[in-house]
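Per the working numbering, the sequence shown starts with residue 116, numbered consecutively.
These aren't lab readings, by the way, just hints derived from the structure by calculation.
What you are looking at is a predicted structure, and each value in this text was computed from that prediction instead of being measured.
Just so you know, even glycine gets a beta-carbon here, dropped at the ideal spot from N, CA and C.
Do not rely on the hints blindly, as some may be mistaken.
Quick list of the computed label-pair ranges, beta carbon to beta carbon [to be verified]: (1) GLU217 <-> ALA260: 20 to 26 Å; (2) SER182 <-> SER368: 28 to 34 Å; (3) SER122 <-> ASP285: 19 to 25 Å.
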Amino acid sequence: MRAGEISSADRAALAEVRKRGIHVSLCTGRAQITGRLIVDDLGLDGYHMFFDGGLVSNPHTGEIVYSRPLSPEVVRRAVEFAHRNRIILDLFSETGYFAEQENWVTEIRRDYFGIVPTILDFDHLPAAEKVIKGTLVVRSPEEKAGAERFRQHFDGDLTLSRTVTPAFPDVDFLNVVAPGVSKRGALEALVAHLGISLDQVMAIGDGVNDMPIISAAGLGVAMGNAPDKVKAIADYVTLDADHSGVAAAVRRSLLEDK
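With the hints as extra help, turn the sequences into a complete structure.
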């Protein structure tokens with residue numbers, strides 16, 4: 116199985132719980148435009164959480180349950196800072212992906228995520244586009260230093276979280292969202308919309324940005340490949356991603372008596 120692929124065992128387990136009437140929701144730092152590729156690949160329907168919690172939506176119908184876009188003024192300042200410091204900044208709206216020029220970042224997104232940017236000068240971004248997330252993509256020491264300057268400059272005005280894609284372990288994707296945005300906030304909005312409680316939720320994750328939902332859910336599960344601090348707050352630790360940890364957790368907790 117290649118890095119980033121979903122195993123056949125994981126797919127089968129998720130399909131089985133869906134047959135039993137259990138809602139399966141993706142909760143990801145990815146934009147809706149890229150997260151939907153996973154949703155479609157797994158044959159999921161209903162509501163999902165994107166942008167590290169900045170958007171809860173049904174990507175097939177366009178229904179939005181919860182949205183926390185960045186303020187236009189903060190976006191303007193972020194763009195100006197990126198220009199002055201030669202930082203690569205991409206912007207995402209509910210359905211769009213924007214870049215100012217083709218570069219190694221747009222190449223990664225095209226080849227790995229299957230998305231193509233709208234190329235434009237960010238100073239002329241259409242007002243109708245509500246930006247929910249920016250992304251700094253860094254791999255060199257100079258780029259990492261620039262991202263740290265960005266973080267310090269916008270401390271309190273923006274929230275940054277780091278994610279890594281298995282196919283590109285030497286590349287850091289730094290999600291930039293509005294203050295207060297979190298996966299927990301998105302989960303709380305979703306369960307309220309569905310008319311259920313957090314106690315009825317099972318959350319599985321392997322990243323630091325998954326900690327809010329792992330701790331909030333009635334049953335929080337850490338993947339075996341998760342950092343130790345993620346494992347420490349989980350109710351239990353399942354197998355790692357290379358050994359179908361999602362399937363193992365689902366079968367243990369939801370299908371064990373079937």
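(request) Starting from the range 28 to 34 Å, see whether the pair SER182 and SER368 falls in it by beta-carbon distance. (result) 31 Å, holds
(request) Using the beta carbons of SER122 and ASP285, state whether their distance is inside 19 to 25 Å or not. (result) 24 Å, holds
(request) Hint says 20 to 26 Å; check whether the CB-CB distance for GLU217 and ALA260 agrees. (result) Given range 20 to 26 Å: holds, Cβ gap about 24 Å.
When the structure is compared with the earlier hints, no violation turns up for any of them.
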